[in-house]
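There are 2 protein chains.
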Amino acid sequence: MGRPAQISRSAVVAAAMAVADEHGLAGLTMPAVAARLGVTTMALYRHVASKDDLLDALVEALLPPLPPEQASWRERLGAMAAAIRDTAARHPAIFPLLLQRPAATERSREIRDGVVAALRQAGLAPDRAARAERLISTAVLGYAAGEAAGRFDHHDRHVRDEDFACLLAAIDTLIEGGGPASGPAAGRAVPGSGG
Amino acid sequence: MGRPAQISRSAVVAAAMAVADEHGLAGLTMPAVAARLGVTTMALYRHVASKDDLLDALVEALLPPLPPEQASWRERLGAMAAAIRDTAARHPAIFPLLLQRPAATERSREIRDGVVAALRQAGLAPDRAARAERLISTAVLGYAAGEAAGRFDHHDRHVRDEDFACLLAAIDTLIEGGGPASGPAAGRAVPGSGG
DNA sequence: ACCTGAACACCGTTCAAGT
DNA sequence: ACCTGAACACCGTTCAAGT
Chain G
1 MGRPAQISRS AVVAAAMAVA DEHGLAGLTM PAVAARLGVT TMALYRHVAS KDDLLDALVE
61 ALLPPLPPEQ ASWRERLGAM AAAIRDTAAR HPAIFPLLLQ RPAATERSRE IRDGVVAALR
121 QAGLAPDRAA RAERLISTAV LGYAAGEAAG RFDHHDRHVR DEDFACLLAA IDTLIEGGGP
181 ASGPAAGRAV PGSGG
Chain E
1 MGRPAQISRS AVVAAAMAVA DEHGLAGLTM PAVAARLGVT TMALYRHVAS KDDLLDALVE
61 ALLPPLPPEQ ASWRERLGAM AAAIRDTAAR HPAIFPLLLQ RPAATERSRE IRDGVVAALR
121 QAGLAPDRAA RAERLISTAV LGYAAGEAAG RFDHHDRHVR DEDFACLLAA IDTLIEGGGP
181 ASGPAAGRAV PGSGG
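Listed in order, the protein sequences are those of chains G and E.
For the first sequence, the residue numbers in our numbering are 1 to 195.
For the second sequence, the residue numbers in our numbering are 1 to 195.
Think of the hints as simulated: they come from the structure by calculation, not from any bench.
Keep in mind that a hint or two might mislead.
[Said to hold, decoys possible] Cβ pair distances, simulated, as ranges:
| hint | chain 1 | residue 1 | chain 2 | residue 2 | range |
| --- | --- | --- | --- | --- | --- |
| 1 | E | D53 | G | Q121 | 45 to 53 Å |
| 2 | G | R109 | E | R46 | 48 to 56 Å |
| 3 | E | V159 | G | S8 | 19 to 27 Å |
| 4 | G | A43 | E | V159 | 44 to 52 Å |
| 5 | G | P68 | E | H155 | 27 to 35 Å |
| 6 | E | E176 | G | L66 | 42 to 50 Å |
| 7 | E | P65 | G | A43 | 26 to 34 Å |
For each residue, glycine too, the CB sits at the ideal point set by N, CA and C.
Hey, can you work out the whole structure from these sequences and the hints?
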């Protein structure tokens, strides 16, 4: 019978994360991950179906924890946004994968539902809450990804903190106003968007 | 002396774009690009320093054209946003690179300056215009990247059109309100952002 | 000047073999 | 059951050689 396994799927994922953090996405290689675990490259394939599978697992590990239920919707949205930005800062090499991969997993659905629930609690109608979730999530992910990629490196960290605070304040303002308009008339506010 | 070149840098970039469109980022390989041009792999290196250099050139080619100067600031912002979304739809495989790579090139600076100029024309003070540019650009890029990655595939194209219209309307609303607040007090609108 | 042929180091993956 | 060794197809890149 099988001797106790030397490595596990979660160990492989953790090692891959560390390799990516240290050597970038280009340095994230199966041999590099194996070396960090003190094991042959081929041993990884017993715990991970392929490199693509490993990347999916990394994206999963990047998802932020759900905020405490008893907090206000404002606090929950703020906490999730802050957690996203934190993750981007800690794992800049693999963070872009979050926007790149479908992420149709259970955890990702929970998080999306959590944001929608907060928005409903803020008073938005179901369809407006769903739409607001899409726009807010992509805006937050977009800024975090840009920051992680060094897009704003010519600005002080303090300036970027204020950027992010303003983004959250803007979101707050829009929610207070009843969320994004859901009628087709909204498209006319900025012409050229329909072309 | 040199016979007329069979290929050029721009031909290599165009071929790479076509390969990526057809076979995805993973299929974008130097041999594949060369084959499409009817040339040996090694011939590419006379026109492109490396694959990384080629990817940078692709990102450059992805940048939208500057809108006509005589248009209103509203029209110009709308046109640029629409152009970005259009590009994402046409080149979904390489579009994510736009958020991933620094893009500190001349053209990218022109575009950023164009957005800032439009915002100044809308009445924003210099520092607010600069901040609004960062937030607007990343929000638009974020949504376009998410859409290109199939993040919203479970929604009708028509729903996504409205999403995007709402995003532009929201931006418009914030600009009319004087742009994003620039003081530190803005951070308190959504607590948890400072942690 | 531009392209080709041969070659090298490397990566993802498979498969049979070991314990 | 889990890991290893050997092997294969492939990719990015270099260099000397052809025209």
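Could you see if the CB distance from A43/G to V159/E stays within 44 to 52 Å?
-> holds, 46 Å
Between P68/G and H155/E, does the beta-carbon spacing fit 27 to 35 Å?
-> holds, 30 Å
Given a hinted range of 48 to 56 Å, is it respected by the beta-carbon distance of R109/G and R46/E?
-> holds, 49 Å
Could you say whether the range 42 to 50 Å given as a hint is met by the Cβ separation of E176/E and L66/G?
-> violated, 35 Å
Assessment of proposed distance window 19 to 27 Å (beta carbons of V159/E, S8/G) | violated, 41 Å
Whether the CB-CB distance between D53/E and Q121/G falls inside 45 to 53 Å | holds, 50 Å
Can you let me know if the beta-carbon spacing of P65/E and A43/G is within 26 to 34 Å?
-> For A43/G against P65/E, whose Cβ atoms are near 51 Å apart, the range 26 to 34 Å is violated.
Checked against the numbered hints given earlier, the structure breaks hints 3, 6, 7 and satisfies all the rest.
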